[in-house]
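K.L.:
With the sequences and hints as input, model every part of the structure.
Here the protein sequences come in this chain order: A and B. Once you know that position 73 of the first sequence is 73 in the working numbering, the rest is easy, because the numbers rise by one and skip nothing. Once you know that position 79 of the second sequence is 412 in the working numbering, the rest is easy, because the numbers rise by one and skip nothing.
The set of hints was computed from the structure by calculation and includes no laboratory data. Backbone N, C-alpha and C define an ideal beta-carbon position, used for all residues, glycine too. You can trust all of the hints, since none of them are fake.
Here are a few chain A residues that sit away from chain B, every Cβ distance over 10 Å (derived from the structure):
hint: 1; residue: E29
hint: 2; residue: P34
hint: 3; residue: G38
hint: 4; residue: M44
hint: 5; residue: G46
hint: 6; residue: G68
hint: 7; residue: L69
hint: 8; residue: F109
hint: 9; residue: Q110
hint: 10; residue: S156
hint: 11; residue: K237
hint: 12; residue: T303
hint: 13; residue: P318
hint: 14; residue: A333
Okay, derived cross-link-like pairs now, SDA-like style, lysine to any residue, Cα gap no bigger than 25 Å in a straight line:
hint: 15; chain 1: A; residue 1: K76; chain 2: A; residue 2: E297
hint: 16; chain 1: B; residue 1: K534; chain 2: A; residue 2: D275
hint: 17; chain 1: A; residue 1: K286; chain 2: B; residue 2: A473
hint: 18; chain 1: B; residue 1: K577; chain 2: A; residue 2: D277
hint: 19; chain 1: A; residue 1: K45; chain 2: A; residue 2: L64
hint: 20; chain 1: A; residue 1: K286; chain 2: B; residue 2: N528
hint: 21; chain 1: A; residue 1: K286; chain 2: B; residue 2: D482
hint: 22; chain 1: A; residue 1: K278; chain 2: B; residue 2: Q433
hint: 23; chain 1: B; residue 1: K420; chain 2: B; residue 2: E403
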Amino acid sequence: MLNEEVTEVKDLNGNILEVKNLGINFHVEDRVIPAVDGVSFSLMKGETLGLVGESGCGKSVTALSIIGLLQTPPAKIVKGEILFRGENLLNKNSEEMRKLRGKDISMIFQEPMTSLNPVFTVGRQISEVIMQHRNLSKKEALSKTIDMLKLVRIPSPEKVVKQYPHQLSGGMRQRVMIAIALACEPELLIADEPTTALDVTVEAQILELINELKNKMHSSIIMISHDLGVVSEIADKVAVMYSGRIVEYADVHSIFNEPKHPYTRGLLEAVPDIDTDKGQRLKEIKGVVPFPDEIKEGCRFKTRCDCASKDCMIKEPPILEVGTNLVRCWIYA
Amino acid sequence: MSAKILEVKYLKKYFPVKKNMFGKDVEFVKAVDGVDFHIEHGEILGLVGESGCGKSTTGRTVLRLLEPTEGKIIFEGQDITHLKKKKLRSVYKHMQLVFQDPFASLNPRKKVGKAIEEVLFVHGMKSEAQRRERVRQLFAMVGLKGEEDKYPHEFSGGQRQRIVIARALAVNPKLIICDEPVSALDVSIQAQIINLLIDLKNRLGLSYLFISHDLRVVKYMSDRVAVMYLGKIVEIAPAEELFKNPAHPYSLALLSSVSGFRTGKNKKRLILEGEVPSPVSPPSGCRFRTRCNYATEQCSEIEPQIKCVGSNHFVSCHLY
Numbered sequence: 001m002l003n004e005e006v007t008e009v010k011d012l013n014g015n016i017l018e019v020k021n022l023g024i025n026f027h028v029e030d031r032v033i034p035a036v037d038g039v040s041f042s043l044m045k046g047e048t049l050g051l052v053g054e055s056g057c058g059k060s061v062t063a064l065s066i067i068g069l070l071q072t073p074p075a076k077i078v079k080g081e082i083l084f085r086g087e088n089l090l091n092k093n094s095e096e097m098r099k100l101r102g103k104d105i106s107m108i109f110q111e112p113m114t115s116l117n118p119v120f121t122v123g124r125q126i127s128e129v130i131m132q133h134r135n136l137s138k139k140e141a142l143s144k145t146i147d148m149l150k151l152v153r154i155p156s157p158e159k160v161v162k163q164y165p166h167q168l169s170g171g172m173r174q175r176v177m178i179a180i181a182l183a184c185e186p187e188l189l190i191a192d193e194p195t196t197a198l199d200v201t202v203e204a205q206i207l208e209l210i211n212e213l214k215n216k217m218h219s220s221i222i223m224i225s226h227d228l229g230v231v232s233e234i235a236d237k238v239a240v241m242y243s244g245r246i247v248e249y250a251d252v253h254s255i256f257n258e259p260k261h262p263y264t265r266g267l268l269e270a271v272p273d274i275d276t277d278k279g280q281r282l283k284e285i286k287g288v289v290p291f292p293d294e295i296k297e298g299c300r301f302k303t304r305c306d307c308a309s310k311d312c313m314i315k316e317p318p319i320l321e322v323g324t325n326l327v328r329c330w331i332y333a
Numbered sequence: 334m335s336a337k338i339l340e341v342k343y344l345k346k347y348f349p350v351k352k353n354m355f356g357k358d359v360e361f362v363k364a365v366d367g368v369d370f371h372i373e374h375g376e377i378l379g380l381v382g383e384s385g386c387g388k389s390t391t392g393r394t395v396l397r398l399l400e401p402t403e404g405k406i407i408f409e410g411q412d413i414t415h416l417k418k419k420k421l422r423s424v425y426k427h428m429q430l431v432f433q434d435p436f437a438s439l440n441p442r443k444k445v446g447k448a449i450e451e452v453l454f455v456h457g458m459k460s461e462a463q464r465r466e467r468v469r470q471l472f473a474m475v476g477l478k479g480e481e482d483k484y485p486h487e488f489s490g491g492q493r494q495r496i497v498i499a500r501a502l503a504v505n506p507k508l509i510i511c512d513e514p515v516s517a518l519d520v521s522i523q524a525q526i527i528n529l530l531i532d533l534k535n536r537l538g539l540s541y542l543f544i545s546h547d548l549r550v551v552k553y554m555s556d557r558v559a560v561m562y563l564g565k566i567v568e569i570a571p572a573e574e575l576f577k578n579p580a581h582p583y584s585l586a587l588l589s590s591v592s593g594f595r596t597g598k599n600k601k602r603l604i605l606e607g608e609v610p611s612p613v614s615p616p617s618g619c620r621f622r623t624r625c626n627y628a629t630e631q632c633s634e635i636e637p638q639i640k641c642v643g644s645n646h647f648v649s650c651h652l653y
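P.N.:
In structure tokens form, the structure reads like this:
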């Protein structure tokens, strides 16, 4: 659970992933920048968690630390644990992580244009994953590759396996990325802004595909996005991040219909929804997103919050249970 | 003077991609291929479409930053399609552009106030004191009072976009072409810029051509919306009407791909099959027929003409 103070429960309660009190610092020149501080969440089998926040809030860093792709240095994991099927991933060495990665945990990146290797054919890049993790011959791997391409609905897969990434469009490349990520039927799929670089109609195709595959393979998904529309469509639970912390954590219905944290409320009112009246003025969140090391004490949102009081200036709010939501805000204390 | 501030007639912009052995261009990317629309005084026209459909090219061609291949651009009753460079400058006093990327559109080596003073100088304001005063006003107008002596890197993305808007406003324009003005900004900052654009419009009586791929923002901002597909406008209608009763099958699919946050999950998305065909050799007849669920034989032979299907609601599709 999000609450750090809760004593450790050994029983996993059906949770496939538990992140507990994760803290990640970046060492840049002489500065120490806390990118992630005290982040905790859990994920059950077949569940989708939406991780929402603006650029620099630490959502991608959190994801990279789970899959073990964080560059260390400059990053350093300073506290917490990441339990995957009960084992702490932070204690694993790189060889052990490599065996997990792509097989049990895999990731779809934001940029389909840059995450494929331009000098290998699509088929080779997919079959590489399959051969790496399963004892299959080249031929078997190839037929599995074609199956995967069919699964992500790429037309004429026999032709596409021989093509290079530059011969495919953005949407097609993202499908290839998904095929690679799903090739070994991972238990946990991390999707980092998978549709941000794509057009809306293609986005619709990809989201439907992810949803369908989730139902077919019962994978758990962490969906990272800054687009509230995408998250509302695909997630079961949502964690809203701000400046390295989770400020609100609840099921998708409560987040969108009864947001509690001033930041969540602000985010929802700041974007016009499809039924927002024209005359209605958008509510702004004043100011700009602070640097992660800019605010040293008190609530990280205090400089932009309309409800900020004296307490907010000095003391960081604890995580409070408000209805079904977990909220990091003094209003509810 | 007519109520129309801008009228675009059958605008085409082709980019050559291939020459034959005699050096003659033989193959073109038909980025904009016969586009008609107009903008009235004080109106916001939204232009939506997927990447590569030609919406940015349309915006740039209207400003003559790109030379049109064919067609007419009429600004305030004056045909500016073939205007010479020098004369064009007087048009730019009334028509300005705001770009998408505020990180790339400011000179990093110039103080932001100086950059705007330069615009004023070019447009004939020779007194330095006058220029400084005007810049001060402009910065106050976009909510950056007293920040004119800083360099671009000292500002965040949202603030830079404010500076870019101030620069566009420097010459007192009547029409601003906004090319994805909020796409590069963080969600919490977008609202600030959208509100600023609306305030300025109301205060200064501006008109906007608002180019964006974000349908929620376009619906919120625009009076009328034009939907582009592969170099052509397939539907143009008042914003409310378009989102309530989209007529063209493409608009239907495009609009169904945005869902309300609160009503999100249960809504059915119409999934378009396939991808946008190449603009080098677009399909014959109707350009959308390769992905359209309603396509008939007629669609592959005859290109549909634009028809009126309701008050101010135009669509180019054989269904009507």
